[in-house]
Amino acid sequence: MTTLSEASSKELLRRHGVPFAEERIVSSPEEAIEAAEKIGYPCVAKLNGDRIAHKTERGLVRLGLQSPEAVRDAVSDLFGAAKPEDGEVSVLIAPMLSGARELIAGFLTDEQFGKVVMIGVGGVLAEAIADVAFRLLPLASGDAESMIDELKTQSLFEEFRGEPAINKDSVAIVLNALSNVAIAESNVLSVDLNPLIIVDGEPIAVDALVEILSGVSK
Amino acid sequence: MTPPREGFKAFFDPRGVVVAGASTHPGKFGFVALHNILSQGYAGEVYATNRDGGSILGIETVPSIDDLPPDAVVDLVFVCTPASGNEDLIRACSRRGIRAAFVTSAGYGESGEDGRVAEQRLVALADELGILLAGPNGQGVVSTPSRLCAQIVAPYPPAGRIGVASQSGNFVSSFLNYAYQSGVGISRAVSAGNAAALTVPDLLDFYASDDETDVSLAYVEGIADGRAFAERIRVVTEQKPVVLLKGGATSGGQRAAASHTGALATDDRIFDGAMRQSGATRAANVEEAFEAAATFATQPLPRGPRVGVITTAGGWGVVTADAITRSSLELAILSDSLRDAIDLLLPPRWSRNNPIDLAGGETRDTIPEILSLVAQDPTIDAIIYLGLGIQSNQASLMRNGSFYPDHGIERIVDYHERQDRRFAEAAAEISQTFGKPILTATELAIADPNNAGPRAVRETKKLCYASSNRAVTALEHLWQHARWREQHGLT
Numbered sequence: 532m533t534t535l536s537e538a539s540s541k542e543l544l545r546r547h548g549v550p551f552a553e554e555r556i557v558s559s560p561e562e563a564i565e566a567a568e569k570i571g572y573p574c575v576a577k578l579n580g581d582r583i584a585h586k587t588e589r590g591l592v593r594l595g596l597q598s599p600e601a602v603r604d605a606v607s608d609l610f611g612a613a614k615p616e617d618g619e620v621s622v623l624i625a626p627m628l629s630g631a632r633e634l635i636a637g638f639l640t641d642e643q644f645g646k647v648v649m650i651g652v653g654g655v656l657a658e659a660i661a662d663v664a665f666r667l668l669p670l671a672s673g674d675a676e677s678m679i680d681e682l683k684t685q686s687l688f689e690e691f692r693g694e695p696a697i698n699k700d701s702v703a704i705v706l707n708a709l710s711n712v713a714i715a716e717s718n719v720l721s722v723d724l725n726p727l728i729i730v731d732g733e734p735i736a737v738d739a740l741v742e743i744l745s746g747v748s749k
Numbered sequence: 018m019t020p021p022r023e024g025f026k027a028f029f030d031p032r033g034v035v036v037a038g039a040s041t042h043p044g045k046f047g048f049v050a051l052h053n054i055l056s057q058g059y060a061g062e063v064y065a066t067n068r069d070g071g072s073i074l075g076i077e078t079v080p081s082i083d084d085l086p087p088d089a090v091v092d093l094v095f096v097c098t099p100a101s102g103n104e105d106l107i108r109a110c111s112r113r114g115i116r117a118a119f120v121t122s123a124g125y126g127e128s129g130e131d132g133r134v135a136e137q138r139l140v141a142l143a144d145e146l147g148i149l150l151a152g153p154n155g156q157g158v159v160s161t162p163s164r165l166c167a168q169i170v171a172p173y174p175p176a177g178r179i180g181v182a183s184q185s186g187n188f189v190s191s192f193l194n195y196a197y198q199s200g201v202g203i204s205r206a207v208s209a210g211n212a213a214a215l216t217v218p219d220l221l222d223f224y225a226s227d228d229e230t231d232v233s234l235a236y237v238e239g240i241a242d243g244r245a246f247a248e249r250i251r252v253v254t255e256q257k258p259v260v261l262l263k264g265g266a267t268s269g270g271q272r273a274a275a276s277h278t279g280a281l282a283t284d285d286r287i288f289d290g291a292m293r294q295s296g297a298t299r300a301a302n303v304e305e306a307f308e309a310a311a312t313f314a315t316q317p318l319p320r321g322p323r324v325g326v327i328t329t330a331g332g333w334g335v336v337t338a339d340a341i342t343r344s345s346l347e348l349a350i351l352s353d354s355l356r357d358a359i360d361l362l363l364p365p366r367w368s369r370n371n372p373i374d375l376a377g378g379e380t381r382d383t384i385p386e387i388l389s390l391v392a393q394d395p396t397i398d399a400i401i402y403l404g405l406g407i408q409s410n411q412a413s414l415m416r417n418g419s420f421y422p423d424h425g426i427e428r429i430v431d432y433h434e435r436q437d438r439r440f441a442e443a444a445a446e447i448s449q450t451f452g453k454p455i456l457t458a459t460e461l462a463i464a465d466p467n468n469a470g471p472r473a474v475r476e477t478k479k480l481c482y483a484s485s486n487r488a489v490t491a492l493e494h495l496w497q498h499a500r501w502r503e504q505h506g507l508t
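Those protein sequences? They're chains L and C, same order as listed. Residue numbering for the first sequence is 532 to 749, as defined by my numbering. Residue numbering for the second sequence is 18 to 508, as defined by my numbering.
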C-alpha cells in the first residue's frame, strides 16, 4: 500500500468529479509568487510529494499568506524543510478558503464489506463526535442523499452563522464521485477528503489523500 | 448452497414427523420434543424411535428409522440422538424419503475441532442426499399453519404473519413469548443453532416468498461476509420487510487509522449503513425488534411521515408529540378543513391543534368519528391513538369493589367496557378503510392486559403498544422502510 502526493491525489479525484479549489504546483519561490498573484490573497502553501502524508503534523502547511513576501518566505521554508526521504517535492499554492463548517468524506476497503464510502461532520472534533454515515460501494441512485439525511447534526446543513444552507445536491455529487473512483480505479484502496470546507454553501475539498495498491501504477 | 424449495415444504409443513431418540424421561429433550409435537394440534403422522422400543406419550416407538411401518408418510426427522450416530441416521432417513432434518444434538461445531469435523461431514452428507438440514445444536422449528411445535422449549405462539429466524435459540423463545403476550402471532420460527447448512439468510429467502409470512424477524451475530449478507438481505427486503437484531454491535474494533475515514469506520457503523442501504429495519433491542415486526405484520405502510395524535390523556399527547418531533416522523399540521370538521364534534376547549386533545369533550360516538375524520384527511399519513382503557380501568375498580353491582354500577361498568371495545374496533376498521396505520398505545397493555381496551386491540389482531414512545419508534421503522421502497421505485 502506498500513498499518492496531494497533487496526484487531487488530479485523480478531480477527473471523477470531486470539486477542488483551483491550485498551482510550483518549484520555486518565484513561481510561487506568480501563482499567488493569479489565485489571489490570502493563500496557502503546502509541500507536496508522493511520500508526504501527514503535512499538518510536520508543519508543512502554511496558511493565510497575505503578500508576495509572505509567500516567498513560506515557500523557501517549505523547500528547506523537505527531507531526503520525501523524494521529489514541489509546493502547492491554493486559495485560503474559509467557512464555518467542515465535512469529511472518503472511502476505504474493508475486509468484510469491501469498498465502503463515508460522509461525516468534519473539523477537529470529527472523530470525537463521530456523526458519520456509511454505505457499500457502488452507490445506487438515492443512496448518497439518504446518507446525508442520516447524519444527526442536520442543523449544520441549514443556514449557519450568516452562511447559506449547504447544497446537499453538491455533497451528493462528491459522494457519487467517490463511488465513481471506486468503480473506475480498482487499485485505489482508500480516499480521504478532509476537510470538505463549506464555502457559500458549496463543499470544496482542500486536501486529499489517496492510497493505492503498491506495485501498481496509477 | 441454498436449500431446494421442496425441502422447505417438508421442513415447515411435513405430512409426518419422526422424533429420533425419543425418551421416556420427561426431563429429556427426546421426550419434550415429542410432547410438544403431540400437544399443540399437529395433524400429521407422528412417529418416534427409541433404542429399547416401548410406548412414549401413547406413541409406539420403533428401534430405528428402518423399522418405521412401510406405509408411514414422514417428511421431517427431529433428531435428538447423540452426534456419533447421526450420519447413519440421516442415511436411513433418506432411504425412507425424509427430506428435512432438524438436528438438536450438540457435540458439533460449538464443541471444538472434532465437533467441527463431524459437523462438516453431516452437512456434506445432507447435501449429497438432498436433505434440508437445520441445526445442529438448535432448539427447533415452529410452523403455525401446520400447528407444528417441533422444539425442545416453549412456548407455542399464536398463529400470525411473522417469520422468525435466529442464531440464538433463546431469542426465538423470547420473540415467541412476546407473540404470546401481545397476541400478534407467528407464521414460522426456526432456531438455526450452529446454522451449519440452513442459515438465517436462507430462511429469510424462504420467508420472502412464503405466502404465510408478511415480515421476517431475525437475530444474527458474527457475520463473516458482510457484503454477501447485505446483498442477500437486499433481495429479501425488495419483497418483504426484514427486522434485524444484531448481537455484538459494540465489539468490532476500529480500523487501523491510516486515514480519518478509517479511524471512523467501525464494524457496527458499516453494518448499520449496509442495512439501511439494503432496506432492512435494524432494531436497537429485543422488544423493539419484536414490536417493529409486529407493526409491519399488522399495519399498512404509511405513505408519508405526517402523524396525527388523538388523545384523551393530555400529558401523553404532549410527550408523544415530543417523541415524534425527535424522530424522522413529523407532527402533522392540522388543515383548516380538518380543524373545522372537529369543531363540529367537540366543545371549543379541545386543543384545536395536533395533538388532538379531546379535553373530556367527547360523547358516546366522538372517538370513532374523530378517528375517521383524521384518518381520511389527506394531510395525515398515520395516527397514534392514546387514552384507550382509562374508563375501563375505573370500571375494573368498580367491578372489584364492594358496591358492585348496585347503585347503577353494573350498568356503567358495562358501558365503559363496551365503549373501549368499540374504540379499539373502530381504530382497526378505520385503519383498514383508509389504508393508514393507526397505533393504539396505553400502559394498560401490560399494567392490566385484561382491561377491555387492550384486550379488544388484541382481538383485532393489532399490537397494543405499552407506551406511546414505543409506538413512535415502531411507526418510524415503517416510515423508513416505506421511504426506502419509494426511493428504490418499489411499490
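Calculated from the structure, these hints are not laboratory results. Values in this document were obtained by computation on a predicted structure and should not be read as measured data. Every residue gets a Cβ at the ideal spot worked out from N, C-alpha and C, and that includes glycine. Don't take every hint at face value.
Calculated Cβ distances over 12 Å to all of chain L for the following chain C residues [unchecked claim]:
no.: 1; residue: 59
no.: 2; residue: 79
no.: 3; residue: 281
no.: 4; residue: 381
no.: 5; residue: 500
no.: 6; residue: 504
Here are the simulated lysine to any residue pairs, SDA-like style, with alpha carbons at most 25 Å apart [unchecked claim]:
no.: 7; chain 1: L; residue 1: 683; chain 2: C; residue 2: 89
no.: 8; chain 1: L; residue 1: 683; chain 2: C; residue 2: 342
no.: 9; chain 1: L; residue 1: 683; chain 2: C; residue 2: 264
no.: 10; chain 1: L; residue 1: 683; chain 2: C; residue 2: 464
no.: 11; chain 1: L; residue 1: 699; chain 2: C; residue 2: 506
no.: 12; chain 1: L; residue 1: 586; chain 2: C; residue 2: 500
no.: 13; chain 1: L; residue 1: 683; chain 2: C; residue 2: 505
no.: 14; chain 1: L; residue 1: 699; chain 2: C; residue 2: 225
no.: 15; chain 1: L; residue 1: 699; chain 2: C; residue 2: 264
no.: 16; chain 1: L; residue 1: 699; chain 2: C; residue 2: 486
no.: 17; chain 1: L; residue 1: 683; chain 2: C; residue 2: 323
Sample of chain L residues at the chain C side, in silico, Cβ under 8 Å [what the hints assert, rightly or not]:
no.: 18; residue: 666
no.: 19; residue: 686
no.: 20; residue: 687
no.: 21; residue: 688
no.: 22; residue: 689
no.: 23; residue: 693
The hints, checked one at a time:
Every C-beta of chain L lies more than 12 Å from that of residue 59(C), the closest at about 41 Å, which supports listing it as non-interface. The Cβ of residue 79(C) sits about 48 Å from the closest Cβ of chain L, beyond the 12 Å cut-off, so the non-interface label holds. At roughly 5 Å from the closest C-beta of chain L, the C-beta of residue 281(C) falls inside 12 Å, breaking its exclusion from the interface. No Cβ of chain L comes within 12 Å of the Cβ of residue 381(C); the nearest lies about 45 Å off, and the non-interface call holds.
Chain L draws residue 500(C) into its interface by the beta-carbon criterion, the shortest separation being 8 Å against a cut-off of 12 Å. Distance to chain L contradicts residue 504(C) as a non-interface residue, since its nearest Cβ pair spans about 4 Å, not more than 12 Å. This hinted pair does not check out: residue 683(L) and residue 89(C) have alpha carbons roughly 61 Å apart, beyond 25 Å. Using a Cα cut-off of 25 Å, the hinted pair residue 683(L) and residue 342(C) holds, with the two alpha carbons roughly 14 Å apart.
Distance check on the hinted pair: residue 683(L) and residue 264(C) sit about 23 Å apart at the alpha-carbon level, within 25 Å; holds. Pair hint residue 683(L) plus residue 464(C) does not hold up; C-alpha atoms about 35 Å apart against a cutoff of 25 Å. Restraint check: the Cα-Cα separation between residue 699(L) and residue 506(C) comes to about 21 Å, which is no more than 25 Å; the hinted pair holds. For the suggested pair residue 586(L) and residue 500(C), the alpha carbons sit about 43 Å apart, so the restraint of at most 25 Å is broken.
Using a Cα cut-off of 25 Å, the hinted pair residue 683(L) and residue 505(C) holds, with the two alpha carbons roughly 23 Å apart. At most 25 Å may separate the alpha-carbon atoms for a hinted pair to count; residue 699(L) and residue 225(C) exceed this at roughly 35 Å. The straight-line distance between the Cα atoms of residue 699(L) and residue 264(C) is roughly 34 Å, outside the 25 Å bound, and the hint therefore fails. For the proposed pair residue 699(L) and residue 486(C), the alpha carbon gap of about 30 Å is over 25 Å, so the pair is violated.
Between residue 683(L) and residue 323(C) the alpha-carbon distance is near 20 Å, which keeps this suggested pair within the 25 Å criterion. Annotation: residue 666(L) was flagged as interfacial toward chain C, and the flag holds, the nearest CB pair being 5 Å apart, inside 8 Å. Of the supplied interface hints, the one on residue 686(L) is violated, with its beta-carbon coming no nearer than about 13 Å to a beta-carbon of chain C, more than 8 Å. Hint on residue 687(L) is violated. Least Cβ distance to chain C is approximately 16 Å, over the 8 Å limit.
Using the Cβ-Cβ criterion of 8 Å, the hint placing residue 688(L) at the interface with chain C is not satisfied: the shortest such distance is roughly 15 Å. Checking residue 689(L) against chain C: minimum C-beta separation of about 16 Å lies over 8 Å; hint violated. At about 27 Å, the closest approach between the beta carbon of residue 693(L) and any beta carbon in chain C exceeds 8 Å, and the interface hint on this residue is violated.
The structure is inconsistent with the numbered hints 3, 5, 6, 7, 10, 12, 14, 15, 16, 19, 20, 21, 22 and 23, although it conforms to all the rest.
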